[in-house]
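Colleague: The chain contents come next:
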Amino acid sequence: MPETTFLDATELVLNMGPQHPSTHGVLRVVLKLDGEKVLGTDCVIGYLHRGLEKVAENRTWVQFNPYVDRLDYVAAVSNSLAYCLAVEKLLNVEAPPRAQAVRVILTELNRIGSHLLWLGTHALDIGAITPVFYCFREREESIKILEKYCGARLTTHAFRIGGLPAEPYDGFQKDVLAFCEMFLPKVDEYEELLTNNRIWIGRLQNVGVLTAGECKEYGVTGPMLRAAGVKWDIRKALPYSGYDKYDFEIPTRTNGDTYDRYLVRIQEMRQSARIARQAAESLPDGPIMAKVSKVVKPPVGEAYVSIEAPKGELGFYVVSDGSAQPYRVRVRPPSFVNLQALDRMVRGALIADVVAVIGTLDIVLGEVDR
Amino acid sequence: MPDEPKPTTPAAPPAAPAPPKAAPPKPPAVMAWTPLESELATELKRQFGDRVVEASSYVGQSFFVVKRDEVISIIEYLKVEANFDYLVDITAVDWPKRVERFDLIYIVYSFALNERIRIKTTIPDGFRPESAVRVHRTANWLEREVFDMFGIEFAGHPDLRRILLPEEWQGHPLRKEYPLLQQDQDWVQTNLDIERGQ
Chain A
284 MPETTFLDAT ELVLNMGPQH PSTHGVLRVV LKLDGEKVLG TDCVIGYLHR
334 GLEKVAENRT WVQFNPYVDR LDYVAAVSNS LAYCLAVEKL LNVEAPPRAQ
384 AVRVILTELN RIGSHLLWLG THALDIGAIT PVFYCFRERE ESIKILEKYC
434 GARLTTHAFR IGGLPAEPYD GFQKDVLAFC EMFLPKVDEY EELLTNNRIW
484 IGRLQNVGVL TAGECKEYGV TGPMLRAAGV KWDIRKALPY SGYDKYDFEI
534 PTRTNGDTYD RYLVRIQEMR QSARIARQAA ESLPDGPIMA KVSKVVKPPV
584 GEAYVSIEAP KGELGFYVVS DGSAQPYRVR VRPPSFVNLQ ALDRMVRGAL
634 IADVVAVIGT LDIVLGEVDR
Chain B
237 MPDEPKPTTP AAPPAAPAPP KAAPPKPPAV MAWTPLESEL ATELKRQFGD
287 RVVEASSYVG QSFFVVKRDE VISIIEYLKV EANFDYLVDI TAVDWPKRVE
337 RFDLIYIVYS FALNERIRIK TTIPDGFRPE SAVRVHRTAN WLEREVFDMF
387 GIEFAGHPDL RRILLPEEWQ GHPLRKEYPL LQQDQDWVQT NLDIERGQ
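These protein sequence lines are chains A and B, in that order. Residues in the first sequence are numbered from 284 upward in steps of one, following our numbering. Residues in the second sequence are numbered from 237 upward in steps of one, following our numbering.
Just so you know, the hints here were simulated from the structure itself, not pulled from any lab data. A few of these clues could be false.
Stated by the list, open to error - Straight line, CA to CA, 30 Å or less: simulated DSBU-like cross-link-like pairs of lysine-lysine:
no.: 1; chain 1: A; residue 1: K577; chain 2: B; residue 2: K412
no.: 2; chain 1: B; residue 1: K356; chain 2: B; residue 2: K412
no.: 3; chain 1: A; residue 1: K514; chain 2: B; residue 2: K315
no.: 4; chain 1: A; residue 1: K519; chain 2: B; residue 2: K315
no.: 5; chain 1: B; residue 1: K356; chain 2: A; residue 2: K337
no.: 6; chain 1: A; residue 1: K469; chain 2: A; residue 2: K519
no.: 7; chain 1: A; residue 1: K337; chain 2: B; residue 2: K303
no.: 8; chain 1: A; residue 1: K469; chain 2: A; residue 2: K431
no.: 9; chain 1: A; residue 1: K519; chain 2: A; residue 2: K574
no.: 10; chain 1: A; residue 1: K337; chain 2: B; residue 2: K412
no.: 11; chain 1: B; residue 1: K333; chain 2: A; residue 2: K337
no.: 12; chain 1: B; residue 1: K356; chain 2: A; residue 2: K519
no.: 13; chain 1: A; residue 1: K574; chain 2: A; residue 2: K431
no.: 14; chain 1: B; residue 1: K281; chain 2: B; residue 2: K303
Using the sequences provided together with the hints, build the complete structure.
Modeller: Structure below.
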């Protein structure tokens, strides 16, 4: 903590958070200011640290599955998918096609939900109060499908190692198709509210710029990387769970500022609905579980599997010693790595931009702190 | 193999993590590692000779085991010469029974080649590996986390502090000897004003 800077009359150290509405949880940022100008930041994280990686070593592979939902609790389905894929890699099994398709549908619905939550709260931070109501209206619909599928709304525990816990309910396909049909015009509505809004553009354009080179330097992935012009999405680059079968685009922009990240995420919601629709239309029949014994005992070895979570690359590095308990589970969280770029993005900017940049990072502290 | 449904009850967690071989009827299966033959492997072998100890592929994922003093120069070489410009992750695994107790794992990815590899090395307790921050800026927080959780100090790191746990915390939780229920009583009492931590 730079205590001595108080002695310098032109500099002010200001504490933002951990209880601050626009830090999206318990993030604390110590800002060093010169008037309204940010001279530097220091992120203090760990307020939500629950030691999940330690917990994993004291649970069985199967028992740890519900815990991963508590990482990025806004997109719990993605976490579960990444964890199941990693353990399946260790076991060298693959979920059957029907399970894969249902996984894709739920993950994409969850991505839409996650982006909607981001859009609503980001707009709220900037001062636009209306979008959050619109966003939560549609997010509710996506959550309802998850609820009907597995009974839970947020921390869903939607997948099992090797497949799915249950057959999708009757009318699942119909619900998904109806949601996609309903959702696309709603995205136009959000765009009407924001895309050409003068205040929105004024607050976002050229704020928190990260170039493609800087993104790679800081390991920043997900929509932030794509907004800087890198056409990279793990769903395309290293396809998993049958994503190669679906027809979709990777939206990119070139400026790498906060406004471009907004446009990229808006486009991604449309693409997610497109993928979910394709998967629901061509949902194959067949089993929903691969042959996996009840006590999961992967052979001695290790694997790293990552997926494109709504926030970026979410990876699981799993090590097995041949017993029913994980020897090591390492989570590579996108939010944690992306947050590191905050200092680079706000240095020299105004204090009000810090709020915009924290919003555009789309961090979830459950994942940052684990 | 008799699959005994033996769930570890949350009420009484074992004080130490389960030993690797809790007398099972037969030793656990080990997945086969195959030697990796690729252009990159040949190139690295040519460039670094026997400092690249092993190049293997395992469930379709390539990894290189290298000598611990060479990790950073290999990562730098990969970044500059072979286009592996994205450091995905740095992490460690604790094997307390081994002399060289920690595995240190670096995962790098190349956007141009669409290829991901792991660089692995082993270090004994107390060894200070070189920091990767001068090559990849991402390494800053990733190494801080490894330091926080395992107590591995990186030489040349610009700002090596704990990151997830409070500064004054004692111990490094992801070391195997750190029990599940232990927490830093002193820290909890001074800072949270709670008499008993648990």
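Colleague: A separate judgement is required for each hint: does it hold in the structure or not?
Modeller: Hint-by-hint comparison with the structure:
1. A:K577 with B:K412: 27 Å, holds
2. B:K356 with B:K412: Distance of about 20 Å is within 30 Å: holds.
3. A:K514 with B:K315: 20 Å, holds
4. A:K519 with B:K315: 23 Å, holds
5. B:K356 with A:K337: Holds. B:K356 to A:K337 sits at ~21 Å (cutoff 30 Å).
6. A:K469 with A:K519: Judged against 30 Å, a Cα distance of about 26 Å means the pair holds.
7. A:K337 with B:K303: Answer holds: A:K337 to B:K303 is near 28 Å, not above 30 Å.
8. A:K469 with A:K431: 22 Å, holds
9. A:K519 with A:K574: Holds - the C-alpha atoms of A:K574 and A:K519 are around 27 Å apart, at most 30 Å.
10. A:K337 with B:K412: Holds. A:K337 to B:K412 sits at ~9 Å (cutoff 30 Å).
11. B:K333 with A:K337: Holds. B:K333 to A:K337 sits at ~18 Å (cutoff 30 Å).
12. B:K356 with A:K519: Measuring from Cα to Cα gives roughly 27 Å; hence the hint holds.
13. A:K574 with A:K431: Judged against 30 Å, a Cα distance of about 26 Å means the pair holds.
14. B:K281 with B:K303: 12 Å, holds
When held up to the earlier numbered hints, the structure conflicts with none and fits them all.
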